[in-house]
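**Student:** So the chains spell out like this:
4 protein chains.
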Amino acid sequence: MSGLLWPGDERAGPTFGDAAFVSAMLEVETAWLAALVQTGVAPSSLDATRSVGGQPIGGTDLAALSAAAEAGGNPAVAFVSWLREEVGERDAPAARWLHRGLTSQDVVDSAVMLLAKRLQRDVLAEIGRQVEALAALADRHRSTEMVGRTLTQPAVPITFGAKAAAWLQGVLDAADDLGSLSFPAQFGGAAGNRSGVTALGGDPASVAACAAAALGLLERGPWHTDRAPVTRLGAALTGCSAAWGRIANDVLTLSRPEIGELAEPFAVGRGGSSAMPQKTNPVLSVLIRRAALSAPAYLSLLQLAAADAGDERPAGAWHVEWQPLALLARHTLTAASQTSELLAGLHVGAERMSATLDAHRDDVSSEYRSLAGLTGQRGGWAHGDDDALVTAALQRAREWAAHR
Amino acid sequence: MSGLLWPGDERAGPTFGDAAFVSAMLEVETAWLAALVQTGVAPSSLDATRSVGGQPIGGTDLAALSAAAEAGGNPAVAFVSWLREEVGERDAPAARWLHRGLTSQDVVDSAVMLLAKRLQRDVLAEIGRQVEALAALADRHRSTEMVGRTLTQPAVPITFGAKAAAWLQGVLDAADDLGSLSFPAQFGGAAGNRSGVTALGGDPASVAACAAAALGLLERGPWHTDRAPVTRLGAALTGCSAAWGRIANDVLTLSRPEIGELAEPFAVGRGGSSAMPQKTNPVLSVLIRRAALSAPAYLSLLQLAAADAGDERPAGAWHVEWQPLALLARHTLTAASQTSELLAGLHVGAERMSATLDAHRDDVSSEYRSLAGLTGQRGGWAHGDDDALVTAALQRAREWAAHR
Amino acid sequence: MSGLLWPGDERAGPTFGDAAFVSAMLEVETAWLAALVQTGVAPSSLDATRSVGGQPIGGTDLAALSAAAEAGGNPAVAFVSWLREEVGERDAPAARWLHRGLTSQDVVDSAVMLLAKRLQRDVLAEIGRQVEALAALADRHRSTEMVGRTLTQPAVPITFGAKAAAWLQGVLDAADDLGSLSFPAQFGGAAGNRSGVTALGGDPASVAACAAAALGLLERGPWHTDRAPVTRLGAALTGCSAAWGRIANDVLTLSRPEIGELAEPFAVGRGGSSAMPQKTNPVLSVLIRRAALSAPAYLSLLQLAAADAGDERPAGAWHVEWQPLALLARHTLTAASQTSELLAGLHVGAERMSATLDAHRDDVSSEYRSLAGLTGQRGGWAHGDDDALVTAALQRAREWAAHR
Amino acid sequence: MSGLLWPGDERAGPTFGDAAFVSAMLEVETAWLAALVQTGVAPSSLDATRSVGGQPIGGTDLAALSAAAEAGGNPAVAFVSWLREEVGERDAPAARWLHRGLTSQDVVDSAVMLLAKRLQRDVLAEIGRQVEALAALADRHRSTEMVGRTLTQPAVPITFGAKAAAWLQGVLDAADDLGSLSFPAQFGGAAGNRSGVTALGGDPASVAACAAAALGLLERGPWHTDRAPVTRLGAALTGCSAAWGRIANDVLTLSRPEIGELAEPFAVGRGGSSAMPQKTNPVLSVLIRRAALSAPAYLSLLQLAAADAGDERPAGAWHVEWQPLALLARHTLTAASQTSELLAGLHVGAERMSATLDAHRDDVSSEYRSLAGLTGQRGGWAHGDDDALVTAALQRAREWAAHR
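Protein chains in written order, with our numbering: chain A, 439 to 842; chain B, 439 to 842; chain C, 439 to 842; chain D, 439 to 842.
By construction, these hints were calculated from the structure, which means they are not laboratory data. Among the hints, erroneous ones may be present.
What the hints assert, rightly or not - Just so you have them, the derived chain D footprint on chain B, three or more residues with Cβ under 8 Å:
1. 588–599
2. 694–701
3. 711–717
Unchecked claim - Distance windows between CB atoms, simulated:
4. C:Arg567 with B:Glu527: 33 to 43 Å
5. B:Asp614 with A:Pro481: 48 to 58 Å
6. D:Asp796 with B:Pro703: 27 to 37 Å
From the three backbone atoms N, C-alpha and C, an ideal C-beta is built for every residue, glycine too.
Isolated chain A (complex conformation) (with noise of 0.2 Å):
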């Protein structure tokens, strides 16, 4: 994963990276071990916060972590090898009981949940920022007459403010479905019914709980074969990228200076060309609509390892679900962030819109006047709802912020 492939990239942060995963696999393990000393199943002379949590991920570490991870099928067994014998260079007991009651799936599910739950709370902030920005659009230009345009031509009048309250409902969708997600832990052992932990003589879920609570996860039994976690995860991340996308369609369209009713916002070497020198490309619109357009596609491939698994935990379904995942959630934050900066410094060219209304006025009034003549009304000019549908957008923005 790197910008120069897929520019922008750098907004994700650590987010799904390598060193993002493995931190959280540590985190996992260090739970699980802290869960069976406390539920009494390990020595109470154990400390895994201690001697398992503070556990530096190096650089170093990486490359042979991902390199050593194809013998294993993932990335979880080379990471136990590897973590077991760190551990036991300082701690031997712990280091024997590290990782006891798991499997490699409970260890990368239940980093995967982390990292989403992390994902989530930094997606949930860039949309607070998109609907305080959209949220003032739409107030600000209630007024603001423009065509409106459906299957390219004019069709009647509509007030910006309108375009940017339905922008706004499509956000607010996809925050609805992103904040709605939960983030199960994934406790399930070596094929699902927990019995590793029942050879310790521990009750299994007593010591899930006990985990899951410490990770600031859900218990809720295992689903090595049951991903409804992760395509739901990916289902709201799909959402998001389109909400952005529906808007980034709109800048590139109406920013096209034969209509130039929108512009991005301008930066300092941005959307210049390598051949033109008078060229601003709307970048940060094409790298949004990139995002809103890859996006089924990973999602299908969720959709599919979901569909592909079968016996306690699958031969190669469960392997595809990570790289699209990971991918999704940088590609979703890259885009969240840039869709923050495009609407906070939007250009709104009222003057233009009004212009190309007047140009446009016989064409979009015939839907009024061929609707006036069957009530005998006359004269004037049509007006839709736009002003109750800004009103009812902006107060669904409200709701939703104060309830975050």
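Fit chains B, C and D to the known structure of chain A by using the hints.
**Tutor:** What follows is chains B, C and D alone, placed relative to chain A:
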């Protein structure tokens, strides 16, 4: 759509078929006209139910409508023309008022939501049957031990009850997503700001609320370019297919004669081969798996349509939706019915399970031996937490059934 | 499959419809029986063409066959039963020998290839019309200057002839891929090793070669689990859709009234709105774009089916193929016809192009100024290599047409 | 891209990695400048190879370039700025002439084709190894009888040689598609009409031909919005993954201990579990299957990008391509290497095959009995045409190897 290329399609009955679609569009037009009358916009002398609602939709008209759809680019334009003519023969004023204030997307989107709501009901009814069958299997086989398999290889002992409980949890997750859907009416007018009702001198929100209530749909404002209602539906249906596919995958593996632990219900003439008289193919599972593998691609088109939305109504993206959604709907209902039948008659080879477990006893107890050594426990045989997992799943199933 | 949910579908005629599919299966069975007779395996007294080939396929039978397909899991098992019964009423020995040595996948795969070959012919015929129209456009507009646009913004001057030539190159690339397909018969028998013919004492390669020749298909050995013939077909069809979609995208942009450089051909009643009397939507382009956006997902199912093949014949993967392939086939032929119509009547607004170019002259000559400074050239106006690109495209078109 | 989330990724080496990408862009710029000099457009005093080509691409620069890519929206804009500065420090005239006549898409597309050509070579080298291994397996096991399985159930006897021959045919089909790709350079200039070279007073076709020849790429005119070179590449890579996936699927099924007919090559430390000491998971096959299941979605993005192309260069569609293509490239090369290793060391359990066949003899001879009755033949045992199929596959393999 036919069973020739999608064997079993007949199980879906009229769902999302052409006749059902046209019929739903008729319901929408009827409810809208009634709402115009009821809110005082259209003359009180009009009787929408009598003049419009009773319109019979015959087979001949369907073919003509289908052929006529291209000119308008969507199913509604030609339908409205046809309907206006039909109604006009008996009630000219009703014909004149028909569809006023609506746009074609209102009719199509609202009709889709009507069909979706009925689909939800039908699929949930099948899931009700599945939940019963799965709960019975899980309960009956609490003590049926078998080999748990991961990545194709023997892992640890589980019970078949626990496996059935895991299947059940997956189905309940899918049921939760499907059950929580809401189905909004679409009454946005030509460009999403309800300009038509305004032009007619009415209050758009009142008319929309009135029409939505008559249709049993939610009123939430226009969503022409915010496709969350469609993508959420698609995601929920795909989740169902995955939950059933995961069961079918296990049946396909475990009904291989070399394993022989499960078998599909027998039905005369089913599973035969055109070449080999002895063959009994696991046809239900094959067809369920087919649906599960297919659904993600259909969903990806709904998500792509959402991502490509633009202007006040999009030029192509919206048009992408109808066919994949209709297919996904029919496939889901077909697979629902096939899964119900599969589960109701599933043969469980408890003795074979036991024999295979005995044969692999050494292998599948390696985790136990390795863990028991840690705690000093010895001897006996490993038991996971299977029983508790069954109990938890049965509890959830009872609660789900009680609150449907 | 109907035009209600896929407006324009009627253009595809019987292509890959149920009747065509059954008819193709009948051709396969007839050719196979004839080959058994011709190679001396079946009695020389049998007359396949008379006893089997003339079997009428009526509407009633289609519905029954469709409903019966589920039991066998594919369209062939029920078809063979039905055919054997029908044939048996008049010619018991022919009925006894029918389908001997074949498996259901042989019948379905060979029938698919027969239909594919006819589809190739029909699509190439449409492409022939498109190539003519595009060549004429490119040639006629060698000197029609316009603004070249990149990332939505004015870039440098181009000619519309060069744009049409670029469209033409894309169509020719698609035509090359489609034209180079080969269509193999499938005669692998029950498990792909032609065991049936051996059991009958025949030489499998001879019988297969004889039957393939009669069908006009290639004989290349069994390919039950090697789906290259299907995925290549899907990729070629998707490539066609993309080439046409790329044209439609330009028409959609350039027919926005604010740009107004292109317009779809006028047809009475086409492009109308159900709400706005003035509207003329670019319906052909909308529907072509719809097909282009949809095709990749259908193709992905064919590719997935190939990836999931296993054993000697797969349990679900094969069953995934038929519907997306049939849809992709019909959509491609529909879009082919729509594109031919679009190009034949495309309105080119040369004056508007010229005016817009003048209005942006300063912007679009920035590259020229920047480069001219390097070489000391000054004054005049930038001309690209448009003319040579047109000439090259016309040359390629002529060669393509000559070698079809 | 890392092996942590895509275990085995290290096998792909530098393929389509950031360093390789930048290095390829450098080659393109060097070849272009050299061509400008060689064709007399740029001063003969410039030495492109010395002044530009030798530019070292260090790690620090990669991170900076990656971060800088967002402003231009693609990897080339920032790269050209950086390169111009670097070159300018030593050779100001070369820096001034650098990239003249090109646009960023020229650099990226040509660089992609350079990398693709090398990928083709590397994958074909792996396929060469596979073809050898498969030919040896097919030949060695001409007489190794086993149960042929269809839809998971025993069908008729086959030989393992015939199964290996079927695998081989699939790999050769994929090799044919991959081997027939051509790799065109992209030198279209700002808007695809080579306006830059014209502005410089040069002959665009000559400069392009000269630069393409230096890069070992084909010159076929601009293809900015005609993405056939990219989609064909994607389809060929996906075809390879499917051919290997089909093999891995069989290994996964047949290495279940209940079947036990195949086993992956043993490697110390491979296939271990983090929970169960006894486990040897078929990791290579799991990871190959993962790649096969994933590829269609990545391909679908390349196809979507092609379908969404518009204007003279697209606003988002092109940007979609780079990441899925790079991933598909790396995944394909990784899976190629894993498949080579799998096939080179595959364990074939001929005795177990024979024993299972004996156990199912009655079932798998039902076709034979049913057919033998037709011809009056009796007794003996059914043999398919396995030997001839092996011979044909070996013949094709020899021809393929001879003509590489």
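**Student:** Give a verdict on every hint.
**Tutor:** Hint-by-hint comparison with the structure:
no. : hint                               : result
1   : 588–599                            : holds (count 7)
2   : 694–701                            : holds (count 4)
3   : 711–717                            : holds (count 6)
4   : C:Arg567 with B:Glu527: 33 to 43 Å : holds, 41 Å
5   : B:Asp614 with A:Pro481: 48 to 58 Å : violated, 40 Å
6   : D:Asp796 with B:Pro703: 27 to 37 Å : holds, 30 Å
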